[in-house]
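K.L.:
Sequence:
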Amino acid sequence: MCPSGSCLRLQPAAVLPRRHSSSHGENGGSIHDWKLRLGPSNTSPADDTLPPFACLTSDEERERKAEAYTPGTYHVVVNPDSFSALPEYAETAADGASASEPDIRRGSIASSKMGSIRGDEQENTIETDDPNVVILSKFEDTPRRPSSVWRTSRLSATPETAEPSPTSDFPQLSLHYSITDELSGPLEQVVMQGSDDAKLLAHFRDVVWKQLVQTQSFQGGSPISHFHVPGAEIFEQEAATFRPLFHAMMAVSALSLAHQDGGQSIDALQHYQQAFPSLQTSLRSPQDLCSDGLFLTHFLLLIYEIAAAEPGGSNLWSHHISRLLRISLMRRSTFGSERYPFIIWWVCNIDLYALLSGAGSGEFVGAMVKGNMLPGPDTLLYPTSPTGYSMIYPEENDSLPMILQMHYDTFVLAIRLGFLAADLRREAASSRFLAGSIGPAPFIYPTSRLKKLMELRNSLRLLWESPNAIWLRQNMRGFPPRSVELWQQSISLYHSLVLFSYTSMWPGQRLGPEGSPDEQIMRHSAAILRIAQNIITAGRSDLRFIIFPLFMVGVSTSSGSQKMMALDFISSMEKAGVGRNSTTTRHILQIVYERQTQQLMTMGHSFHLYWVDIMIEQGLQVVNFGL
Numbered sequence: 001m002c003p004s005g006s007c008l009r010l011q012p013a014a015v016l017p018r019r020h021s022s023s024h025g026e027n028g029g030s031i032h033d034w035k036l037r038l039g040p041s042n043t044s045p046a047d048d049t050l051p052p053f054a055c056l057t058s059d060e061e062r063e064r065k066a067e068a069y070t071p072g073t074y075h076v077v078v079n080p081d082s083f084s085a086l087p088e089y090a091e092t093a094a095d096g097a098s099a100s101e102p103d104i105r106r107g108s109i110a111s112s113k114m115g116s117i118r119g120d121e122q123e124n125t126i127e128t129d130d131p132n133v134v135i136l137s138k139f140e141d142t143p144r145r146p147s148s149v150w151r152t153s154r155l156s157a158t159p160e161t162a163e164p165s166p167t168s169d170f171p172q173l174s175l176h177y178s179i180t181d182e183l184s185g186p187l188e189q190v191v192m193q194g195s196d197d198a199k200l201l202a203h204f205r206d207v208v209w210k211q212l213v214q215t216q217s218f219q220g221g222s223p224i225s226h227f228h229v230p231g232a233e234i235f236e237q238e239a240a241t242f243r244p245l246f247h248a249m250m251a252v253s254a255l256s257l258a259h260q261d262g263g264q265s266i267d268a269l270q271h272y273q274q275a276f277p278s279l280q281t282s283l284r285s286p287q288d289l290c291s292d293g294l295f296l297t298h299f300l301l302l303i304y305e306i307a308a309a310e311p312g313g314s315n316l317w318s319h320h321i322s323r324l325l326r327i328s329l330m331r332r333s334t335f336g337s338e339r340y341p342f343i344i345w346w347v348c349n350i351d352l353y354a355l356l357s358g359a360g361s362g363e364f365v366g367a368m369v370k371g372n373m374l375p376g377p378d379t380l381l382y383p384t385s386p387t388g389y390s391m392i393y394p395e396e397n398d399s400l401p402m403i404l405q406m407h408y409d410t411f412v413l414a415i416r417l418g419f420l421a422a423d424l425r426r427e428a429a430s431s432r433f434l435a436g437s438i439g440p441a442p443f444i445y446p447t448s449r450l451k452k453l454m455e456l457r458n459s460l461r462l463l464w465e466s467p468n469a470i471w472l473r474q475n476m477r478g479f480p481p482r483s484v485e486l487w488q489q490s491i492s493l494y495h496s497l498v499l500f501s502y503t504s505m506w507p508g509q510r511l512g513p514e515g516s517p518d519e520q521i522m523r524h525s526a527a528i529l530r531i532a533q534n535i536i537t538a539g540r541s542d543l544r545f546i547i548f549p550l551f552m553v554g555v556s557t558s559s560g561s562q563k564m565m566a567l568d569f570i571s572s573m574e575k576a577g578v579g580r581n582s583t584t585t586r587h588i589l590q591i592v593y594e595r596q597t598q599q600l601m602t603m604g605h606s607f608h609l610y611w612v613d614i615m616i617e618q619g620l621q622v623v624n625f626g627l
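374 is the number that UniProt numbering gives to position 374 of the sequence shown; each next residue is one higher, with no gaps.
Source of the hints: derived by calculation from the structure; they are not laboratory data.
We put the beta carbon where it would ideally sit given N, CA and C, even for glycine.
The reader is advised that the hints may include incorrect statements.
Claimed, not checked - With a straight-line cut-off of 20 Å between C-alpha atoms, the simulated DMTMM-like cross-links for lysine to aspartate or glutamate are:
id	residue 1	residue 2
1	452	427
2	452	423
3	370	423
4	370	409
5	452	409
Unchecked claim - Here are the computed distance ranges between Cβ atoms for each label pair:
id	residue 1	residue 2	range
6	511	538	37 to 43 Å
7	59	538	40 to 46 Å
8	614	287	43 to 49 Å
9	397	63	58 to 64 Å
10	526	361	29 to 35 Å
11	398	284	47 to 53 Å
12	518	617	25 to 31 Å
13	600	568	17 to 23 Å
With the hints as constraints, model all of the structure from the sequences given.
P.N.:
Rendered as structure tokens:
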């Protein structure tokens, strides 16, 4: 039988470039029998002056040779002995695995590139009659990290006797790193200086995690206090001893880097695929199922799935959010509280927007509210102190706690509005089905639903016309940076919820008796556009929360100029995203705008159009609008 370790290492063919293929099979089969001559290639261009593939010493030469053929392939054939020299197999053999245990190695899917066949190792390569076939007697893994670091690491599961505090025992954290800084920190023993992973780690620190945090100021700091600029150390501390989290970090970072460069990322797929087998080999006890490493890994895998989503493609985001819910419930039951409450907030934020768009059922956020497990407003901020606390500085005392509470209250109302919209959409779909209609026929909504909608609108109005909200509006210009950013997020969410409540609760809503309050819609749209203008002018494209409000402006307002401004603002922020979500959002908005224009010309209004139906029709599932 093929050793399970070597099979795992070569599982996904997708990780290799299209010209390359790797073959493996059972010992003694034709694929491993190097004595069986493989037929020579039937392509031999006259302009191919390079030696056979087996004699090439660099990726550049292999690329040039491959380009000389009409699309050709060359084969890298390995057998079980090819892997015998790898450190993890030698170490595993020395450990003496029990006969009752499955023979699963610590290694996972191969991350080796074709460049690892170097010229100084040609004596280890068995020659064949076909110059386009390389048979390896020794498989060289790329030196991404010392295997001993991973081998001696254990999961960071919190002991049962640990203090169940969300701020307990944070290790000393380092300051934020720049791409130009020398690599240092918790992963310095894992990631080699100058390697591809070192570049991905720097990108994760400087770009990716800022988009996750969003409401942290990185410009100017605090004029009074010594402002600690928070970094990705919490992820790094766990990733240094938990390999799946490291792969998840690298996958998200590689995806973001590829998106910004406008290309495809094999590295992102490699790391993503390596995360799963390494999870299987890392979970050793029931206690590991509620470990910090597993919790953070599934969070980043959720981010990856959302950011990497392709139109019409399958997506595992709901799987990861379900796993996060189960892990969260286990952690709360075991430890009494959540060590990383801000992660709970981030997942709730993702789940809320999936609920509003109709892409999700609100499973996670609903469970948090129903079980009274939604973290308090003081946990909304990412930890900004070396001890893990979310610090509020003296100059923020007058504004930030009040804004945090406003945001919390608005978010809770948004959850209620999202679930009401889900109920109304289901009832409208059922009514449409029973009536045999395929279009957005007027929906006779129950009086009780309309009453709840009116109550939610009134609650939003009272919250944002309260004395605290009035004072915050009047003094916003003098706020410190973090207060300004969280205020922008909170008030833009409020304006977008008002637009949503008038236009997007069910198909054909604007055809109903309450009509379409165009003046009010344009006023809230203008407020969102002003906030977006300030964010873009300040160069803060990392503040992705503004994308959904801009989308709501585009689908709600009847003003052509406001629609175009919303489209332009979203377009200007596309490149800074981790994945394609902003691009997909703009694409949907363009289709909506075109359809609305057509209906306006033929019917005199565009109230029949429902953007959720267009998403379904186009196969564009938007879980998150800003990633």
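K.L.:
Take the C-beta atom of residue 397 and the C-beta atom of residue 63, compute their distance, and say whether it sits inside 58 to 64 Å.
P.N.:
60 Å, holds
K.L.:
Could one say that the CB atoms of residue 511 and residue 538 fall in the range 37 to 43 Å?
P.N.:
At roughly 40 Å between Cβ atoms, residue 538 and residue 511 fall inside 37 to 43 Å, so the hint holds.
K.L.:
Given a hinted range of 17 to 23 Å, is it respected by the beta-carbon distance of residue 600 and residue 568?
P.N.:
21 Å, holds
K.L.:
Regarding the pair residue 370 and residue 409, is the alpha-carbon distance no greater than 20 Å?
P.N.:
16 Å, holds
K.L.:
Given a hinted range of 47 to 53 Å, is it respected by the beta-carbon distance of residue 398 and residue 284?
P.N.:
Roughly 50 Å apart at Cβ, these two residues keep to the hinted range, so it holds.
K.L.:
Would the pair residue 370 and residue 423 pass a check requiring their Cα atoms to be no farther apart than 20 Å?
P.N.:
This hinted pair holds, its Cα atoms lying about 17 Å apart.
K.L.:
So the hint says 43 to 49 Å: do the beta-carbon atoms of residue 614 and residue 287 match that?
P.N.:
Holds, since residue 614 and residue 287 (Cβ atoms, about 47 Å apart) stay within the stated range.
K.L.:
Given the hinted pair residue 452 and residue 423, is their alpha-carbon gap at most 20 Å?
P.N.:
12 Å, holds
K.L.:
For a C-alpha distance cap of 20 Å, please report whether residue 452 and residue 409 respect it.
P.N.:
17 Å, holds
K.L.:
Are residue 59 and residue 538 spaced within 40 to 46 Å by their CB atoms?
P.N.:
42 Å, holds
K.L.:
Given a hint of 25 to 31 Å, does the C-beta separation of residue 518 and residue 617 actually sit inside it?
P.N.:
26 Å, holds
K.L.:
For the pair residue 526 and residue 361, does the Cβ-Cβ distance stay inside 29 to 35 Å?
P.N.:
Roughly 33 Å apart at Cβ, these two residues keep to the hinted range, so it holds.
Of the hints listed earlier, there is not a single one the structure fails to meet.
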